[in-house]
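Novice: Please build the complete structure, drawing on both the sequences and the hints.
Heads up: the protein sequence lines correspond to chains H and X, in order. The opening residue of the first sequence carries number 9 in the working numbering; numbering runs sequentially from there. The opening residue of the second sequence carries number 9 in the working numbering; numbering runs sequentially from there.
Please keep in mind that the hints were generated in silico from the structure rather than gathered at the bench. Check each hint, because a few of them may be wrong.
Any copy will do: because identical chains look the same in the list, a pair fits if it lies in one copy or spans two.
[To be verified] Below, a list of computed lysine-lysine pairs in the DSS-like style, where the Cα atoms sit at most 30 Å apart:
id, residue 1, residue 2
1, 17, 315
2, 20, 315
3, 16, 182
4, 17, 281
5, 210, 315
6, 286, 315
7, 282, 176
Number of protein chains: 2
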Amino acid sequence: MPTLILDKKSVKALLSMSTTIGAVEQAFRDWTDGKGTMPAKSYLSLEKGDFRAMPAALPGAAGVKWVNVHPQNPKLGLPTVMAIIIYSDPETGYPLAIMDGTDVTAFRTGATAALASKYLARPDSHTLGLVGAGRQSYTQITAHAELFKLGTIKAYDLNPAAVEKVIKAFPQLKIVRSSLEDAVSSDIVCTVTPARGPVVKKAMVRPGTHINAIGADAEGKEELEPSVLKGAVVVVDDLRQAAASGEINVPVAQGLYSPGEVYSTLGEVVSGKKPGRKDPNAITIFDSTGVAIEDVAIAKLVYEQAKNETHMTVDLVG
Amino acid sequence: MPTLILDKKSVKALLSMSTTIGAVEQAFRDWTDGKGTMPAKSYLSLEKGDFRAMPAALPGAAGVKWVNVHPQNPKLGLPTVMAIIIYSDPETGYPLAIMDGTDVTAFRTGATAALASKYLARPDSHTLGLVGAGRQSYTQITAHAELFKLGTIKAYDLNPAAVEKVIKAFPQLKIVRSSLEDAVSSDIVCTVTPARGPVVKKAMVRPGTHINAIGADAEGKEELEPSVLKGAVVVVDDLRQAAASGEINVPVAQGLYSPGEVYSTLGEVVSGKKPGRKDPNAITIFDSTGVAIEDVAIAKLVYEQAKNETHMTVDLVG
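Specialist: What follows is the structure, encoded as structure tokens:
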């Protein structure tokens, strides 16, 4: 029995944002309904970077993502983050496919944020603000454009060239370079920076705003002033991960915020166990750390299409 | 930059037991000297079986093994256990190779047991007893034949056909089918059964015997009568894993044995921090659960040879 080998190009060609959002939505619902399994990530911390092993299973799907973060890689002409997914048959353990997981990671992160916006942002939201215009901002745009009728997208970055690049990448959308304050005054704000201290200040955030806090994914990383969290409706993908390495990790460590103040998980909102936005004037925040069920859901989507096409196969395990 | 794809056949052709034993010995030394990193295994337990993600790093090497155990697979014509190793550059995180890990697992298990015998068995040991003649027994034979001048190998199995198969597989060695008692009366005894209750009884074990207890690798599995452990010099690969899922797990759970009674880790013995066998009449036991540093050490060995040969490559992560 052969194992499919799906390289970066093949995976990219198979990914579509609309099906990705649907698959992520179903994954959060299944997980919350007890139909998914996700043990804690396993961290391997080394001198130059770290690796994470992220296993998970959903109905009819199982797998592990092996992903690294090596901050000095760009100097060597390599991406900071690379990922591989082993996609396995949960019934037999057979490795059905080995695929690049780098674009899967980017797609599922954008899809999950847009999903959070679907339940937490005001339904009439039409301006999107980007705080940070690097790699991660692209799928935020694609995913939100899928679910919202976007008027203006206001993009802020310390590096103006990054904004110009985003503008060129989406000629069909109205993206403008803006100040930090302008970007944050949007209906939906996505923070996608590597910041280790508050970028978004309380005074900048208008009532009724929904913020997807994406950047903080490790201890010590933080994008929002802790006072933004206080009084806001905070939704997390996974409470344990968020408290350890998500947007709330620094304020929790400083005693400025308690995990008990979190309103709910995204899965609870998606599955209807908790209502999403109730008050048009509330500030809502989705604290995204990234969970392995998202990756396995997308890997399944990619595999189910790829198996009917012609791709490289190998008798990997005999 | 391409990633090497090494299928089962390629890996098998690259494995040699003598270099495997050397690599495993160095890995245990490095790990004990603080030059290795190994977070806990991550278990994904599903209805039909389970998966384990086993990450580790050693000097110049990093990786993860993704291995399943699906007991009903043989009915479907599939192996119970299949494994894949992603072998990565610790400096950049780049995936250097994806390889079958099934034979790596078998080789490193045999190699580690023979390594334990090297330090714990009497140096003049010349009889090897096998309790269980299934898949796992083959690399026990190969590895011990590498390090010891073996006279007779006494093989016991509930299924006589399994013993006949082993005898045929090693025409150059003197292997005989024996009773359980005869097999256990050897200088070195390897227990490689899926037993969930004592097979080897105290009364069978002679003074001076070394036992490699290989079979118990999950909660509830047990091959030796707890009284065999009492008074014996017990060495483990990893104390936490052994207490949770190794040979000592059942007696520990029953309060018949305490992890504090364990003499040392294999790494401490290999690196000279603790002496190996001191008394020719002592009964020594190596409780093997299998650790990821063994897999990464062998993956490195396989990769270092393969990269100079012609193998399939793919631009997996672009």
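Novice: All hints, please: hold or fail.
Specialist: Outcome of the hint check:
1. 17 with 315: both (16 Å within a copy, 24 Å between copies)
2. 20 with 315: Both, since 15 Å and 27 Å are each at most 30 Å.
3. 16 with 182: within (29 Å within a copy, 52 Å between copies)
4. 17 with 281: Neither: 39 Å inside a copy, 51 Å across copies.
5. 210 with 315: Result: close neither inside a copy nor across copies, 49 Å intra and 54 Å inter.
6. 286 with 315: This pair counts as neither: shortest intra-copy Cα distance 43 Å, inter-copy 59 Å.
7. 282 with 176: This pair counts as neither: shortest intra-copy Cα distance 40 Å, inter-copy 65 Å.
Of the numbered hints given earlier, the model fails hints 4, 5, 6 and 7; all others are met.
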